[in-house]
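J.: Let's have the full structure, built from the sequences with the hints guiding it.
Number of protein chains: 2
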Amino acid sequence: MKKFVNRVEDLLAESLRGFGRAHADIVRVHDDPVHVTRATPTPAGKVALISGGGSGHEPLHAGFVGRGMLDAACPGAVFTSPTPDQKLAAARAVDSGAGVLFVVKNYEGDVMNFEMAAEMYEGANASVLVNDDVAVEDSTWTTGRRGVAGTVVVEKIAGAAAERGADLATVEALAERVVASTRSMGVALTSCTVPAAGEPTFAIGEDEMEMGVGIHGEPGRKRAKLAPADEIVGEMTAAILGDLGLGRGDPVLLFVNGLGGTPLMELYLVYDAAARILDDRGLAIARSLVGNYCTSLEMAGCSLTVTRMDDELLTLWDAPVHTAALRW
Amino acid sequence: MKKFVNRVEDLLAESLRGFGRAHADIVRVHDDPVHVTRATPTPAGKVALISGGGSGHEPLHAGFVGRGMLDAACPGAVFTSPTPDQKLAAARAVDSGAGVLFVVKNYEGDVMNFEMAAEMYEGANASVLVNDDVAVEDSTWTTGRRGVAGTVVVEKIAGAAAERGADLATVEALAERVVASTRSMGVALTSCTVPAAGEPTFAIGEDEMEMGVGIHGEPGRKRAKLAPADEIVGEMTAAILGDLGLGRGDPVLLFVNGLGGTPLMELYLVYDAAARILDDRGLAIARSLVGNYCTSLEMAGCSLTVTRMDDELLTLWDAPVHTAALRW
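Chain order of the listed sequences is A and B.
Each residue of the first sequence is one higher than the last, beginning at 10 in my numbering.
Each residue of the second sequence is one higher than the last, beginning at 10 in my numbering.
Simulated from the structure, these hints should not be mistaken for lab results.
A few of these clues could be false.
[Claimed, not checked] Using C-beta positions, here's what the derived DEER-type ranges look like:
id: 1; chain 1: B; residue 1: Asp252; chain 2: A; residue 2: Glu18; range: 29 to 39 Å
id: 2; chain 1: A; residue 1: Ala293; chain 2: B; residue 2: Thr49; range: 48 to 58 Å
id: 3; chain 1: B; residue 1: Arg101; chain 2: A; residue 2: Ala293; range: 33 to 43 Å
Don't be surprised by glycine CBs; every beta carbon is placed ideally from N, CA and C.
T.: This is the structure in structure tokens:
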């Protein structure tokens, strides 16, 4: 295993300490239980957005804590759900009285622990479940569809609405609408290595790819021979668009997400391939995002996410955001 | 070779087309000869900053074209210098009459081709040579020291000065001052694979690292056994600080740059390790940057950059920037 690490058991704490210090103008990292909040308190009357999940997907979620997006994030160990007490501590820290929306990726551990935190939490709260991955129904750690990079879109848009003073029911409904309008699919060219395991999560041949991979290396639709980018992207967009039910002229957000080990140069080539296909379908690419936002450690691969947009979603997408990983 | 690519010979063009489209609000990609400019013309009286070099280091340089940073970038083939005519076309496109500053990383091909462009260019122009890499004197393609991630700092600070209306001599002097105040060193855990070559640039054992690696995989100071992160970072910071001659209390920018294949989680751990060492030396970390900004395709590894700051440089660092890869 080739990683920058001292003791594997200290990796998360040291990494979070570095993150907190590098972005001290934006975030605070709290220990015992571990949670990350904005550096400034939630304004009175603003709904607080909280997300979290296993680490190893950085910048998701802590990199999206800040003005216009999340109020807090709860990082678990690598690929391991954070505990209910982390989420409870985060809720108590950032709820300014307008309630809390938990944004939960659909994995059994996350769902269970967020549900426990929601039950234990004394304040008003709601939860939204993100399940944007069209690759497979049910998976290693998921009943139904997995939650993947589309989570970034949910957090951005719901975060913008909360920042503008929308109440809890409105922010929740909006987040649900983004989930319903968002589909993703990923592909892996290599495995990642979980530090505590010390070896690759799965074996894959030199000429193979895992089509529909999950962000923890869960199996996808099939193991296939590596193909030209246009062909790979064609298969992913067909799965996404086939599920989303878009009409000609519909405005969409096209989001090409790197899984960690793929160079930006290739991600832009993938974007180009996907954009040409969306053009052919008569869709209007209204907004774009390209980069490593929801990763799987050092996995080589990428995912595509398409969100059906409308004027309200576009306005909220464009609203200012000031986080470690997303800023405009 | 596992890459998202159609025909290898089309990789750069397709990637640039995707880049231009994804960021159409910020940049324009021009063909024949290939160069990237801002989407809007250089304001009258503003010095134009132009950089460029081989591709494969994305987001460097095209990702830094935009308000507050570069006016144009010239991408060569992967790890291959752009031609003089690319630079000449860029200069003619973005010079609004206040002259052009060429920012050149110290590689023989880049130096020669930028010199030719500068000689051929009819307008006022100056060049600054970035040679921040303390690892080695002379290298595979370099006489003297290589130019690496410190280039980002030069482009940000000189770009901010140009944006504020400083004249060519002032912007040039400021860029030279940043170069004189900046040192970097890198380490590789794996090689990268140049698409046209199809195989790794160098072989490296499962328990080895290349200390002082160049951003094209050039040899560094030594091949060594992989060590704990604190030890690796200790060696890099010792080399950097030993060369930079800082005094206690001096304000510095600490920049941890990923080479492409290393997860953000590890980069923040490296940041934490470096910050602790700078604390011990009594230095004041005034600003921080952590992420993949000057990469070597999918190489696993990172570099550290330290810049001695002062009030003027801090003000220019903090000035607004609006590019694909750096925005605040």
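J.: Run every hint past the structure and note whether it holds.
T.: Here is how each hint holds up against the structure:
1. B:Asp252 with A:Glu18: 29 to 39 Å: 35 Å, holds
2. A:Ala293 with B:Thr49: 48 to 58 Å: Taking Cβ atoms as reference, Ala293 of chain A and Thr49 of chain B lie about 23 Å apart, which means the hint is violated.
3. B:Arg101 with A:Ala293: 33 to 43 Å: Check passed, 34 Å falls within 33 to 43 Å.
Hint 2 from the list above is the single one not met by this structure.
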